[in-house]
Every structure is written in C-alpha cells, then in structure tokens.
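Undergrad: Chain W is already provided as a structure; the job is to place chain Y on it using the hints.
Protein sequence lines correspond, in order, to chains W and Y.
In terms of my numbering, the first sequence opens at residue 1 and continues consecutively.
In terms of my numbering, the second sequence opens at residue 1 and continues consecutively.
Incorrect hints may appear among the rest.
In silico DSBU-like pairs for lysine-lysine, Cα to Cα no more than 35 Å straight-line [stated by the list, open to error]:
hint, chain 1, residue 1, chain 2, residue 2
1, W, Lys175, Y, Lys364
2, Y, Lys186, W, Lys175
3, W, Lys23, W, Lys46
4, Y, Lys190, W, Lys202
5, Y, Lys17, W, Lys175
6, Y, Lys463, Y, Lys186
7, W, Lys202, Y, Lys186
Hints were generated in silico from the structure; no laboratory data involved.
Remember, predicted model here, so these are calculated numbers, not experimental data.
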Amino acid sequence: MRTLNPAVKFVTLLAVTLILAGKHDPILNFAVFLLSMAAILSAQVKPRTLGLLLLPILLAAAGMFFTGYRFHAGGSMPVRAEILNIGSSALWNGLTQASRVLAYAGAGYLFALTTDRVRMICSFQRQFHLPQVFAYGLLAAWGIFPQMTREYRRTRAAFRARGIRVFPISPALLKPLLVKSVRWSEALAIAMESKGFSGQAKRTDFAPIRVQPRDWLFLLLTVGCTAAAAVLL
Amino acid sequence: MSIHFQNLCFTYFEDRKDVLSGLNAVFDRETVTVLTGASGCGKSTLLYLAAGVYPHGAGVLRQGSVSVEGQDPGSLPPPERCRLVGMMFQNPELQFCMDTVKNELVFCLENICADPAEMEGRIDEALAFCGISHLTDRTLASLSGGERQKAMLACLTALDPQWLLLDEPFANIDDASARAIAARLKTLHKTRGTGILAVDHRLEIWLDVADEVRVMDGGALLPEVMAVSQLDPAKLEALGVIVPGRSYRPQLPPPQTGAPVLALEDLSVVHQGTPILNHVSAQFLRGRIYAIVGQSGCGKSTLFGALSGLYPYTGHAWLEGRELRRLRKKGLGKAGFVTQNPQDQFVGGTVRQEILASLRQDPKAMETSEAILRNIRLWRYRDISPYLLSQGQQRRLGVAALMAYDCHILVCDEPTYAQDRHNTLAVMDALCRQARERNAALVFSTHDRQLARDYADEIWELKEGTLHAYAESGG
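Bound-form chain W, shown alone (with noise of 0.2 Å):
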C-alpha cells in the first residue's frame, strides 16, 4: 500500500467515495471501512494510532447512527419515504448514516497513513502537475508545522510562568505565532532561493515517480470492485 504511486491512490479513493456517495448501503460502506483497515494494519501502521484516530471518528458515527435512527424517513420528518428512496426501518437508516462516516474516514486514513508526504507531494507534482512552488511551499510549511506546535506549547508555558491564565486559542496566544511565522516563511524563502530553488526554472528529478502497472491494476481492481458491489447490492 505504502509503495503504490500516491495520486493514483488518491483518485482510487476519490473514486470510491464518490460511488458510495451516490448508494445508501451499510453493508456497502462497512465492507469498504474493514477493508480500508484491513490495508491499513497490512501497511505496518501501529493499531493503537489507529485506534486513538478513530476513537473520534467512531463518536460521530454513534452520533450520525442515533440522528439516523431518530430522524428516519418514517418518522416524525416533513418527508416521506417513497421521495426519498431510503429504507423504512429506523434502524437500517442509522446504520446507514453511521457506516457512511466510517467508510469515508477509512479511506481517508488509508491514504493519510500510507502515503509518505514527499513522495504524495512529487507525485501531485509530476501527474497532476501542481506547480513546483505551491508543491516546494507546501513541503517547507509542512516542515515548520512541528516548530509551530512546539512554539505553541512554548508561549503557553510563558503565559502559565507569569501566572496568565488564556484559552487554548485565545488571540493573546496566536498573535506571537502569527507575527513568529510570517518571519519564518521569510527566512524559509531566502533559504530556499539560496539553495537554488526558483518557482520558474527547470529542475531535474532524483527518482522520478512513474505510475506503474499496478498502480493501474489497484485503480481498476478497487474502483470495478466497489462500482460492481454498488449495482448488485
């Protein structure tokens, strides 16, 4: 999973969200979750930081499961079933809805935790021809996000020290930030032009990223897969 060409992944996935956008099928959208998990524990990802990732993402499929259930085409809704073609039973509609979050979180976290971001980055760059500075500007300020939250952390240890209490986002603390990252994506820009990076010349590639036959393999298989269990089920 982790050495598939990473835009091919994305438009996999994209593709398969899309199908499922247009089905209302539990049984659909949890087969493409399992899997999606399945690839993910495959790809070497530990299972407690999926487990901590999806401890929010399954609070809101019990919230969507519920809403669902509550707010079901036969009940007490200004709508009626037949308009809208979704199953009678409360129950089949709550685990619709909560089955849908799963299944888009799932692919999202399939491609999030097995995609390096270099090589996502490269890739966008040679398939989808992202431009090399918004590609470069996006890797640097990836780079200083770490220092972001550690300068975070750092100015609210300042606030404690002096006895100040503030909220986690309080302007009082994002204004250092603010004014600390427009002066390093100034010194990030001179380090990248005094390295020799230009937003307009030609570079050469190192390890060009090609898509690969079984990048087109995964694409069919997966989609064709989904597309087929989308009409048959």
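TA: For chain Y alone, coordinates are given in the frame of chain W:
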C-alpha cells in the same frame, strides 16, 4: 576573484536612515575574512546584499553596486546564483524545506539540474565530508542545532558555490560542533578555493580558520585590516566584539548564600521516546549564580523547558518545598523563566503592558511600570509592540518584566544567545545585579565558557543526561 562593494547606500525603509552609507569594500577570495562589529552595525545586511537576497527580497539600494566575481548576484536566477554564492544562516531551524537530510540534499541538487545518476555519489561525498553520513535518513526535525548546521554545510558542499557567506553560523551551537564545521570550512577553502566571508561577533572559533578580521561600525567598514594573529583586543572590545580569552570583568556584589530555593530530585525527561535527562539531582541556593554548560543537544533547553512546564518530567522539582508542576497562580511568580528567544515570553500587546502584566497585584502599577521602563531605557517605546524592538531591547524588556515579580529564582535559557559583547554585558549585568540585589538564585545556560567562568559562582555541566559539578569559579 573578489566581492566588490562600491559606494553602497542601503536602507530597509525609504523614510529611515541608511543602514549602509557609502560603503566601499573589496573581499578577496584567497583570504578568509571575518566581518565583525556590534549588533545592528549593518554587517548581516552587507552579507545579504552579497548573496543577492537584498535588495529584491527587502530594502532599497539607494546607490552603489555589488559584484561577486564580476557578476551582480541579485540579477542572477537562483539556480545560477547558488553556484556563485552559498549562504549559511544563523538560525539552524529555518534553513530546510524537506523532511530528511538526504531529501534536502536531493532538493539542492535537483535545483541546479544535477545529473540524477550522479546525485547519490555527490550526496554521499558531501555527507562524508561533513562527517554526518550516519544522519542521512534522519529527519531534520530530530537533529540538534549543531547537526543541522552540519547538514546545511553538506548542502553547500554539494552545491559547491564559489563563495560561502556565513551569517553567525555558530551562534546557537556548541563549541565542538562549531570547531568541526570551522575545520571543514578551512578544508573547503584550501582544496576547492571557495571564498569565505563570515559575519560574527564571536571570534573564538574563527581564529584557526580566518586570515583577517574587518570591523564594521555604524554602517561603514573601518579601514583597519587585522590579521588574526595580531588582533587588537581593546579596540575590538570597544566595538562590541567578543574577544576570545578576554574576561567580561563583571563588577558584582559578593554572593550572600541563602536557603535552598530549587531542588531537583531524580528529575528525568523522555522526549519522543528518547531519554534526554536521567535522574538529575541538584540544589540551587538563593543569592548564588549558577551556569549550566554542555554540548549542543545535551538537554540544557529540555531541562529548562521541563522546569517552565513545557515538557512533562518524572521525579521532583521542589520550589521552596512545593512541587513545581503543582504550583498554582500564586507560587508561579517566585520562579522567572527567561527564554532563549525573548519573543517567546511576551504576553503583552505593548511594551508597557508587558511590564504591567507582572504588576497586577501592585496598586501603583502605572508609576512602577514607568520607573522600570525608564530604568531600562525603553520608556519612549512604551506604546509599541514588543516585537518591534531590537533583539537587545527585547531581552532587556523580558528580564525587566520578570524582575517586576518577587522572583526567588531566575531560570534563563541562553540569555546571551547571538548577542554582541555590549549586549552580553548589559544582559548579564542586569540579570546578575538584580539577582544579587534581591538575593535570588540565578541559573543560566550558555555555550560561552568564559561567560560562565566570569559570572557564575558555580558551574554545572550537563553530560549524558545528568548534571555534574564542572568547576568552582571565584564568584
């Protein structure tokens, strides 16, 4: 074969006075030159002009010209410019765009359209030259300051520019890493003929590398050319340069040792799965000054971060008998934390609010804040943002804001980081004097062992995750 500045007048803002005024200078490629002078004298600006970063990146070149090997660096596109001049910056954290050391080197070589088939070899060669082959696949975020500067040097080695311009490259790294980098720079100069022009106000590391020292003062280059073997320490000191081996000659009242204020007991910190501090135990007494020295990445900032609440720790840190991490609002003012970057501790929107934040319990806060600001010569800046002050002014404000509390201990992480001699003296004198007058303990970390010897009553070395008594100074 030179960098040539001709009648240079440069300013950052049209309506402000020139940072460089009518500057003429020639720096020869055969000679390794260190450009020095007090903070704000225009030396870094000169370097950025030679690197072609200014004026298109910032500022206005009112008149004059810059030529590097006969070419105007500002007119060249970046891929060509980086073959002419390479630059190493002061802040090792903000020089990289990719995630790992290898990917950064690949990025550099791709920029100059190097042949992909040769890249692997050039990368290995550059890393081996800088002695960091073992860091190839490490993420840049996980490297220490010294390791990052070595990675930056590896990038420059791979790009192989004709000139290397260095903007205080050793400001934030330990002596051992600095000397290792300096030795490599010398080799580059000798074997490849790379021209080297460095800006620094600490000359210690450069003594084995540089041929001559030039001094800038008030936007102009002084005519004297000093060979490193014949430096004039008195003159350099007067111009704000930190001269190796010269004492700071602090005039401090003698220590009046009091009761223990901070006691560390088996304090350990694990950061991202790696143990950084292992069972640190130490006791700090009121009225005494303590310096903590140690290699880059040895955990000095982690120790200070743990005390200020940035990192969780196990074990105990007792502040006057109460566990530091449990202290609520009331007890917090007893310990003041001076961060490496003064901007990290600002909480107020204006200079005055910064002081007022510390005086919330004081019924005469307005009067007291005025007295404090006048004392640190920042009264006229009272209504502007602290971020608009110069670095030296920010440091003075930061220290004054903490001293407005009734601090029993001041914990300072590299308080003289990237400061010239004048500012170093001003900051250390202010800190130590205040600590002595209030009979507070002062704990500061530094890379400058001379500074530690001159100001501290006790020096501790952080080594292998633990504090060891390094030496007893005269105090």
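Undergrad: Take the hints in turn and mark each one as holding or not.
TA: Now for the hints, and whether the structure bears them out:
| no. | hint | verdict |
| --- | --- | --- |
| 1 | W:Lys175 with Y:Lys364 | 28 Å, holds |
| 2 | Y:Lys186 with W:Lys175 | 43 Å, violated |
| 3 | W:Lys23 with W:Lys46 | 32 Å, holds |
| 4 | Y:Lys190 with W:Lys202 | 32 Å, holds |
| 5 | Y:Lys17 with W:Lys175 | 29 Å, holds |
| 6 | Y:Lys463 with Y:Lys186 | 29 Å, holds |
| 7 | W:Lys202 with Y:Lys186 | 33 Å, holds |
When held up to the earlier numbered hints, the structure conflicts with hint 2 and nothing else.
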